[in-house]
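With the sequences and hints as input, model every part of the structure.
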Amino acid sequence: MTLQSELGESARIAVAAIRANKLRSGLTTLGVVIGILAATLLGTMINGMGEAFTRSVSSLGSDVLFIGRFPWMSFEDYRIYRNRRDITFAQYRELESRMTTAAAIAPQCEIHQSSVTYERRRAKGVWLLGNTPESLIIRGLTVAQGRWISASDVSSGRPVCVLGSYLAESFFPNDNPVGKKVRINDTPYEVVGVLDKMGSTLGWNQDNQAVIPISRFQDDIQRRPDYVITVKALSPETVSETLEEARSLFRSIRKIEPGRPDDFAINQQEAITKFFDGFKAVLGSFGFFVTGLSLFVGGIGIMNILFVSVTERTKEIGIRKALGAKRRSILMQFLMEAAGITFLAGLIGVGIAWPISWKIGEIARANGSVFEARMSWWIVALALFVSAATGMVAGFIPAWRASRMNPVDALRSE
Amino acid sequence: MSLIRIQNLARRYVMGTETVHALRGVSVQIERGEYLAIMGPSGSGKSTLMNLLGCLDTPSEGSYELNGKDVARMSDNELADIRNREIGFVFQSFNLLARADALHNVELPLIYAGVPPKERRERARQTLVNVGLGDRMHHRPNELSGGQRQRVAIARALVNSPSIILADEPTGNLDSKTGVEILSLFEELSRRGNTIIVVTHEEEVALHARRVIRIRDGLIAADETNPHPRAVVASVSAP
Ligand SMILES: Nc1ncnc2c1ncn2[C@@H]1O[C@H](COP(=O)(O)OP(=O)(O)O)[C@@H](O)[C@H]1O
Ligand SMILES: [Mg+2]
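Chains as they are written, first to last, in the numbering used here: chain A, -15 to 398; chain B, 160 to 398.
Take the hints with a grain of salt, since some may be wrong.
Said to hold, decoys possible - So, partial list: chain A residues that the calculated Cβ filter (under 10 Å) puts toward chain B:
hint, residue
1, Arg(-4)
2, Ile(-3)
3, Lys343
By construction, these hints were calculated from the structure, which means they are not laboratory data.
Built from N, CA and C at the ideal position, the CB exists for glycine as well.
Structure below.
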């Protein structure tokens, strides 16, 4: 009962004190506002990225190997890999005929910044791939409309293409794309199918792709493309066996002497996931650091303000003590003032972060990304809790000092 | 059992290398319902004594029993409790909270006593009515005259029905007419059975008390009863 009425009084005092010193309180909150802003935004980003990423990476399939010259997510000297011998179509043929533990094998070639036009519309930055019928299962794709590349498309080099959903929608918002003619690198192609929506990752929009028969790719795009051989294992559990077989076969196909390193890389989805986890960890620690630093600076400010507040109100402390306020009442009064200020700061920080993350989400969606920048409630709750706690911690020493003042001395101060 | 029983009470202030002997051994007994004045020149130790009596301070030496309880050895929090329940202070400079209105100022002791909001508001209101400030509940101290402020302070001292009202120079900041009003209020309270201790250096004020203790240099110089305390005839708004 006593505690309850003291709490009520402490809250009232805190509100009055903050209102009486709006500017001062406002300025000191800046550090906390920035800290909370950084924390909530980064938290929201990491959260959103994680979701979008997991979804799109898993579409690569955990049982698929990508044999190419370049290892994924490696930032060593790029030239080492660039100077490696090309992976040729003949090598694919030989691997295909000798593999025993693969469910499917397909060659693939791609360029990333191709342009596709339909009538007057032009799409840039299109991911253009040369695929075979097998690529559909290996890449884990599904067709929404029309059909996929057929064996005869490849063998007779038919100028047909399958479009990603984003590309299809931007060209044919109202029409059925199937049967329409688009131009890829100034060559007309007939649209035979449209893929299901997949989403995007870190700005890479998977739905902005166009797929043509691999034979057409060799004819129209690159005469001697850099092939990637895609291999689907018999099952996700036997990926490592498939990998081992592919590796030893490919070494023999490329005539690598024993003891010499591979001059090719066998990539898996895992590499991306691992890299991304590392990236998230770096981003997370950065966020933690920025938040911690801002809260620390903000906390020092709060502590300072509280010392001023305690000094200014020494007389009041004396009066309250004379009337029966215990140490804990005085302690609570000032802790609440500190927590009140930082809680408000937290509210402001969250209040600024909310529309920003909303806007980022909107921009991302407008660009075809499925990046979810929604600020979840637990982030908001945590942020507010952390800000109030910052105030309590920062305000503790001044509040404690106030609570231990001698009533006679306090009353005598002016 | 006496209400207050102090024996050889001493209070020293150590200031660097110097020690000020504000009280040098004071023994007094005060009974319930007394109207007592503590007189003495400035610097004689009156306020020091009052702070000790009011449990705002602890003695360097000696014993102090209030209502039979030894308060000289109590902890900070126990003393806070005693101040809240047993003592009502009236200060020379009123010591009201500037940011709170009259009602809230009077409510304060009840807040620290843990009285529920509705009841404490009602009691504070009633007490303010009793000191003649029924129409000034929501005025802040700076919107009140000196006499009115002191009456708010008296209401605050009374609201938790303490055993003692301790007043340190209660008329010191008031003009003589207003001072008389405050004294008549004390008289009224005394008539109703409250124990009142007034610290003053003005003979005028002491004349109203029934017992006068004179202090000089931290010692009791005289302890007299006043067989004919002067009554304030002026009519006041207190009912
Ligand atoms: N907190 C203190 N520190 C040091 N000296 C004090 C303190 N309080 C009072 N004194 C000294 O003690 C003596 C008595 O003071 P006080 O009790 O206030 O006298 P009075 O109220 O009778 O004027 C004075 O000499 C005063 O200077
Ligand atoms: Mg004095």
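### Message
Taking the earlier hints as the rules, which of them does this structure contradict?
### Response
Going through the list in order, the structure violates hint 3 alone and respects the others.
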